[in-house]
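Chains A and B supply the protein sequences, listed in that same order. So that you can map any letter, position 158 of the first sequence is 158 in our numbering, and since no number is skipped, the others follow by simple counting. Quick note, our numbering runs 1000 ahead of the 1-based positions in the second sequence.
By construction, these hints were calculated from the structure, which means they are not laboratory data. It is possible that some hints are incorrect.
[What the hints assert, rightly or not] With beta-carbon atoms standing in for the labels, derived distance ranges:
no.	chain 1	residue 1	chain 2	residue 2	range
1	B	Leu-1023	A	Gly-39	37 to 43 Å
2	A	Glu-178	B	Ile-1085	27 to 33 Å
3	A	Glu-124	B	Pro-1191	44 to 50 Å
4	A	Asp-165	B	Pro-1027	56 to 62 Å
5	B	Leu-1080	A	Asp-23	56 to 62 Å
6	A	Arg-12	B	Leu-1023	55 to 61 Å
7	A	Gly-27	B	Pro-1191	37 to 43 Å
8	B	Ala-1190	A	Asp-23	53 to 59 Å
9	A	Arg-12	B	Thr-1105	17 to 23 Å
All C-beta atoms, glycine included, are put in the ideal place defined by N, C-alpha and C.
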Amino acid sequence: MTGIALQNVSKRFGDHEVIPGIDLEIGSGELVVFVGPSGCGKSTLLRLIAGLEDISGGQLLIDGRDATRLPPARRGLSMVFQSYALYPHMTVRENIAFPLKMARRDPATIERKVTEAARILNLEQYLDRKPRELSGGQRQRVAIGRAIVREPVAFLFDEPLSNLDAALRASMRVEIAELHRQLRATMIYVTHDQIEAMTLADRIVVLNAGRVEQVGSPLELYREPATLFVAGFIGSPRMNFLNGAEANRYDAATIGVRPEHFSLSKSEGRWQGKVTLAEHLGSDTFVHVDVHGIGTLTVRAPGDLDVRHGDSLWLTPDDACVHRFDAHGKALRPTSQ
Amino acid sequence: MARALDGRQKLAFTLIGWVLALLIFFPILWTVLTSFKTEGEAIAIPPKFLAFDWTLENYVEVWERTDYLRHFRNSAIISLGSSLIGLCVAVPAAWAMAFSPTRHTRSVLMWMLSTKMLPAVGVLVPIYLLFKRFELLDTRTGLIIVLMLSNLPIMVWMLFTYFKEIPRDILEAARMDGASPAHELLHILAPMALPGIASTLLLNVILAWNESFWTLNLTAAGTGPLTAFIASFSAPEGLFYAKLSAASTLAIAPIVILGWLSQKQLVRGLTFGAVK
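Chain A on its own, in the form it takes in the complex:
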């Protein structure tokens, strides 16, 4: 078996248990994204896999070998850091060559591999510059180059795009997806950005307070969130939650309706409310409707919808797309409707 397997891996800092025990298998060539709010343990989990933190309990298998106690360098993994972590006193060429130099590869091989990585990442004309002479996106590409040349068993990305501006983030996201396709390498990618998670991942691992909430493909998580937490975390704008009588009507403690699963009408429907805000994005309009007795619901409507603050609207949820949860926040699978 190739890939990475975590068996009841746990982490404690002193008396504080950060990760209570996680089981997870990551297949060879898969791009798995760890996603969750800050402090959920996703970065710690990545650092445990990398070997930058000691594993407190359980076992880590890389390529079928026990790597629980192996030092970072011998795990065969490469990591790309949020801060790029380039060596500031070395040129781009020396940065990319560093892991090969540490592995005592011969100069000809090093030269060939650095050139190859620079070609893949469009860094050829920057090879003799220092990191400080590069833009954020270029620096991140150098960091990726340094990761590629080792030909690792897997790549670890720790929020690699968080320091970039929005436009660059979107284009680097595409580059990373492209890179994954080219290299067919196993990748573990940590982010708090659910859009990055949805667009990049083969599978997403949603973490909350050190526990795995759900593992699944992006669309599985979107369509069948296993818990309230996942339902609220995946999808933008956020899912609307309703309790009480409205939920009881569906035989649940809480129901969730995504903004895109309402139909709107000016004359009839299930719930009537007043528009408090209409966000016109061009392609879509996000309408915030204050429904008496329920609260504010967010609705995703077509971009040409003409509504204004104070307008009266009727909302009707698409019953086939209503998510039902029990009192513990666990999803109730659809019963006959």
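Assemble the complex: chain A is given as a structure, and chain B must be docked to it using the hints.
Here is chain B on its own, set in the frame of chain A:
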């Protein structure tokens, strides 16, 4: 600064600055001036500031009576030697404390610093006896060891402060890239902390050069550095201020020149981390 100074305030602060600088520098200036006087003028009352018969005879006599170059060589060997060996110990120590701190790291650092608060004379007798036992009295090796040890806390502290400024990610990246601890130190940490390491070395060379307690108490004629050379002019036969001043000027000149050449580095080093 919260507000700009107007012209008068600027002038006042400039004047205060100059007065303070002159006050601090005056003893050195007076020593240099005295070294060019005759012994009679050196103790004349009222003292003469510039209007005296300038003479080089003190320097000639000092040069002839003693072996300045031997003392200079001793000073250079002892201060450089103790600083370089100290660096070899302090760099790994500061590295460990900066990047793998434990709950006790702060206490260890404080404890190391506290040894600097102990008056050196408090341990003179045991050190003297140890030196005697191991035949280190009046040897350069002995002085290098004792000066290295006594300046080690300052070196570790300075380097610790520099290393703290280096992002942890970069060292972790090196670890992922397969660097051993030795490689990490040599290829990543040392080049990045080079300015800090250089100022630490410089400051310790100066401290060791000027150190006079151990150098005077643990040496005799053979290995005495320049401090012993100065002291030999406050000799039993009475004080000869002009010759003492000439000897002092000769002894401090090299380190003043070194400090002057490297003042930019030194100021940057000493204020490192204080200003972001």
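**Message:** Flag every earlier hint the structure violates by its number, smallest first.
**Reply:** 1, 2, 3, 8
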